[in-house]
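*Asks:* What follows is the residue order along each chain.
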Amino acid sequence: MSSLQEKLEQYRQLFNDLAAKTKNSKEVEELKQTFLGRKKGYLTLLFDELKQLPPDDKRSAGEALNKFKTEIQQALSELEERCRRPEAEKPPTDLTLPGKKIYWGAPHPLTLFQKKIEKIFVSMGFSVEEGPEIETDYYNFEALNFPPYHPARDSWDTLYINDKLLLRTHTSPVQIRVMEKKKPPIRIIIPGKVYRRETPDPTHLPMFHQVEGLVVDRGITFAHLKGTLDYFIKALFGEKIKIRFRPSFFPFTEPSAEVDIECLACHGQDAQCRVCGGTGWKEILGAGLVDPQVFKNVNIDPEKYSGWAFGLGIDRTAMLAYEIPEMRYFYENDLRFLRQFNRK
Amino acid sequence: MNISYDWLIEYLDLNLSPRELAKYFDQIGLMVEAVKEIDGDTVYEIETYANRPDTLGHLGVARELAALFGLPLKSPSWPLAELDRLTTELVDIQVLDSQLCPRYCGLVVKGVQVGPSPEWLKRRIEAVGLRPINNVVDISNYVCFSLGQPLHTFDFSQLKEARIIVRRARKGETLRTLDGQLLELTPDMLVIADESKPVALAGIIGGEESGISEKTTDVFIESANFDPVSIRLTAKKLGLMTDASYRFERGVDINAAPLGAKMAASLLGQFGGKASRGLLDVYPNPRKPKSVPLRLKRVGELLGIEIPEEFVVRTLTALGLKLNEQKPGVWVTEIPSFRVDLEREADLIEEIARFFGYDRIPTEVTPARSFELPADERQDCLWLLKEILFHYGFDEVINFSFGDREKEKIWHTGYDPIELQNPISSRASILRTSLLPGLVENTVWNYNREADGVHIFETGKIYFWEEDGKQREEWHLGLLTSGQREAKTWNQPARETDYFFLKGAIEDLFFYLGYEAPSFEPEDHSFFQTGQAVKISIKKEPVGYLGLLKSEIRQAYGLDKLAYGAEFNLEVLFDRQPRPFAFAPVPRFPGVVRDLSFLVDSTINFQDIYSQLKKLNVPYLERFEIYDRFEGESLAPNQVSYSVRFFFRHESRTLQAEEVDRAMLDIISQLKSSLKIQLR
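Protein chains in written order, with this note's numbering: chain A, 1 to 344; chain B, 1001 to 1680.
Chain A with its partners taken away, still in its complex shape:
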């Protein structure tokens, strides 16, 4: 018994000596065969010896042997691992050298900004809805109270697929789709791609992103619209931002409003400002109380319910927030541009 223990100790010593000398995977494999070889491995032979021991000794010796085997296996796999990485060098003496970096991909700025917007509304109990980008005239215009052949349609210059189908010019058709299938209370935002037949310039492209908001319930007022948008804009641009509501026209809201924020480039101080044209204000969204005709189109009684809606261009608002001068930067996908948003 003691002889087996002694042998074990010797082998352990031998293994450690040999292990220290291994330089490549071939030598590690040889070491492995020497100890664990199926027929003549030292350990294999020791296990054979074990069988001849009296049962009383067998147990403790067996445990010791198994422990040793595990040790060797572990040491061997560490050696193998080390050999596989010949580059692994000794730890450097200069501990101020830069550490190892893992590159994290950058979210697209529009994704990032959309996420920011969603987060604010989700925190106010809104849920996020989606809808198709290929729409019918009914959902994109008629149900939203754009009469056929009305010049109001001119501001929503449309890309058509055929006489029946078009690319949605705003996210508003999703309002209709949601109100058709759901009864109030409704409290949603709708982000997505929209399309206009626009000649590209610094602030116009044929595709951009919008987010639409819609609330329908009993007793909803214009004051509620103002309060919610005021909170939203401050959450997005900071508490000190100046906000202005002014009357406007959209066929699907009545009363309608446009919301301006103070120009973040000049704060109204530069009469020649390129961002705001010297007005000191930048329009960021259109809003209003849901037009009674829109409610009628989806069988909601405008005497019982009221609601508000808004639509905001994500691209243009992100341009203001990040001071990006050209909308096309978003779609060029230059990595030197995109990767800056890694840190936002």
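Keep in mind the hints are simulated off the structure, nothing from the lab. Accuracy of the hints is not assured; some may be wrong.
[What the hints assert, rightly or not] List of simulated lysine-lysine pairs, DSS-like, C-alpha gap at most 27 Å:
hint: 1; chain 1: B; residue 1: Lys1461; chain 2: A; residue 2: Lys242
hint: 2; chain 1: A; residue 1: Lys32; chain 2: A; residue 2: Lys69
hint: 3; chain 1: B; residue 1: Lys1290; chain 2: A; residue 2: Lys101
hint: 4; chain 1: B; residue 1: Lys1676; chain 2: A; residue 2: Lys39
hint: 5; chain 1: B; residue 1: Lys1290; chain 2: A; residue 2: Lys304
hint: 6; chain 1: A; residue 1: Lys234; chain 2: B; residue 2: Lys1023
hint: 7; chain 1: A; residue 1: Lys181; chain 2: B; residue 2: Lys1461
hint: 8; chain 1: A; residue 1: Lys39; chain 2: A; residue 2: Lys26
hint: 9; chain 1: A; residue 1: Lys182; chain 2: B; residue 2: Lys1470
hint: 10; chain 1: B; residue 1: Lys1470; chain 2: B; residue 2: Lys1540
hint: 11; chain 1: A; residue 1: Lys282; chain 2: A; residue 2: Lys115
hint: 12; chain 1: A; residue 1: Lys39; chain 2: B; residue 2: Lys1672
hint: 13; chain 1: A; residue 1: Lys181; chain 2: B; residue 2: Lys1470
hint: 14; chain 1: A; residue 1: Lys21; chain 2: A; residue 2: Lys40
hint: 15; chain 1: B; residue 1: Lys1023; chain 2: A; residue 2: Lys282
hint: 16; chain 1: B; residue 1: Lys1237; chain 2: A; residue 2: Lys116
hint: 17; chain 1: B; residue 1: Lys1488; chain 2: A; residue 2: Lys182
In this text the structure is predicted, and so the values were computed from the model without any measurement.
Chain B: place on chain A using the hints.
*Replies:* Coordinates of chain B only, in the frame set by chain A:
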């Protein structure tokens, strides 16, 4: 619309400087886009809305300001120098289509001396951005930009038989316009004709022949009202947009026509013109004013603030409405004909809010009666997917949804693309049927701008016609990896991307989203090099593909470096429930580890080996790891060596070595029969 300060003064006594006035426009929704000084006058460039044709004239804008400031609106008088002949004796007017022309007023003015306009008139014309032409034309523009009532003036002597017939065009008729274009007319278009032929395209543009010239002495003034839809359809069809058509398609005040004619005739009087007696006014079906009910209570309910009754009455009255009180706080209002936009109570409430001031309406939190659970987890799932890819170092891109029909042909996406009827350009004439073309373009763009490697993804829709002719949009994920993935640093060499980097990211995507591991089967695909592509499926349902991009495709885009791409249908993923998550107890008894190295025939691929290992039916086998694989070296050419580590465990006791030995024997025998392995 350009609004001149001096012109406004004709209608109201403003005691504000031109600068100060600017900010009041914004307050009532007449957004000032620019302020210009023109010849000593201040001109405001105002954004007007499609439903407010009344603001397309100075009178309408003055009326808004009068209401805002509580000022009276002046109405200048237009005295006429008259002939002794009646209009009806001089000209015969027949309106054959009173649907398309509900009102037609006319006057003949004789003895006009055509010539340059006086200074005051030139200034007005220039203020609105037009070029002065002659006194007759300038006067008709002056009336148009005052009242919003377009006029047309004819050389009376050119009207055959002194007749005006308002009718639809006949097939084959043409008209040479004032600006020299030859229009081909169709019977859906309304024309002004004389005895023999059309002399003007009604409400849009006049004809060359009957136009005012230096020789004109007698003028026929047309001040009419035309159907908005008809004007719009005709103008669109012919690709014309004039100051007249712009106003008519928005709806001109039906009652402005008589004043327009008189105003022009009176002004022509300054140039020797004498007007025929009695305005000829063809108005067979006079319109009744619209009446709209209004409840004071409702105003407060919708605006969220009580508005004083006195304010409501004063404002609406100043805007030209008549309020007939039914009972306290309830009225029936009579809408003036110039306000074509006011039809419902909500429209009146907007007027009240506009003049009350949006800034005086309080800001309140929108109350919520209930919160709803999200309809689905798509949004969260999509964001998690992106985060996994960020972790792998993929940057996110967003491309236009448009595709280049010719370029997409190289890809053979297999989808029937949706074509646009009126695309921005031929290079964006279809909707994309794959995300990869965009990703390849992004890659080339970045290689041309100093990038050493490009690793990008996009989530977005592709679009196509289904076989039954219905349009379909499908959420996809596209991935592309090319070139250097890690730059050289002091302790690490530069690393290039490869197929397995992309495959690893995809495998992890499925894992972390909670889906079962997909299967990868080698299968050629039109995007990829032959023999270098795999199809990705979940439970036999194909979800995407992955491979090395075809060199022909790379060449077509000028992409020199190798690139690996993948594309998935996310709908298939999102439609599947991720595996429900359940906690598994941490093992309490130690496990046993055994290694096995074996050789298999090289025709058997990893996935087959893996799936056979997965199928092993052996007691206590907890899991396995394939930790080594090699070929070549000492092995026969048709052999591959694998090393697998097996983990055994019993959940309620320590395993005996013999039990594990037996299990290993079992494994070996099962693998011998399924994979024909040879032990090493």
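*Asks:* Against this structure, judge whether each hint is valid.
*Replies:* Hints and how they fare:
1. Restraint check for Lys1461(B) and Lys242(A): the C-alpha separation of about 37 Å exceeds 27 Å, so the hint is violated.
2. Between Lys32(A) and Lys69(A), the direct Cα distance comes to roughly 11 Å. Compliance with the 27 Å bound is thereby established for this hinted pair.
3. The hinted pair formed by Lys1290(B) and Lys101(A) fails the criterion: a straight-line CA distance of about 73 Å is larger than 27 Å.
4. Between Lys1676(B) and Lys39(A), the direct Cα distance comes to roughly 23 Å. Compliance with the 27 Å bound is thereby established for this hinted pair.
5. Restraint check: the Cα-Cα separation between Lys1290(B) and Lys304(A) comes to about 25 Å, which is no more than 27 Å; the hinted pair holds.
6. A threshold of 27 Å between alpha carbons decides the hint, and for Lys234(A) with Lys1023(B) the separation of about 24 Å falls inside it, so the pair holds.
7. Taking the CA atoms of Lys181(A) and Lys1461(B), the gap is near 24 Å; set against the 27 Å cutoff, the hint holds.
8. At most 27 Å may separate the alpha-carbon atoms for a hinted pair to count; Lys39(A) and Lys26(A) meet this at roughly 19 Å.
9. With a CA separation close to 25 Å, the supplied pair Lys182(A) and Lys1470(B) stays within the 27 Å bound.
10. With a C-alpha separation of about 26 Å, the suggested pairing of Lys1470(B) with Lys1540(B) holds against the 27 Å cut-off.
11. For the suggested pair Lys282(A) and Lys115(A), the alpha carbons sit about 22 Å apart, so the restraint of at most 27 Å is met.
12. Straight-line distance between C-alpha atoms of Lys39(A) and Lys1672(B) comes to about 22 Å, which keeps the hinted pair within the 27 Å bound.
13. Taking the CA atoms of Lys181(A) and Lys1470(B), the gap is about 22 Å. The hint holds against a cut of 27 Å.
14. Between the alpha carbons of Lys21(A) and Lys40(A) the distance comes to roughly 21 Å, so the proposed pair stays at or under 27 Å and holds.
15. For the proposed pair Lys1023(B) and Lys282(A), the alpha carbon gap of about 15 Å is at most 27 Å, so the pair holds.
16. Our distance criterion of 27 Å between C-alpha atoms is broken by Lys1237(B) and Lys116(A), whose separation comes to about 45 Å.
17. Between Lys1488(B) and Lys182(A) the CA atoms are separated by roughly 57 Å; this puts the pair beyond 27 Å, and the hint is violated.
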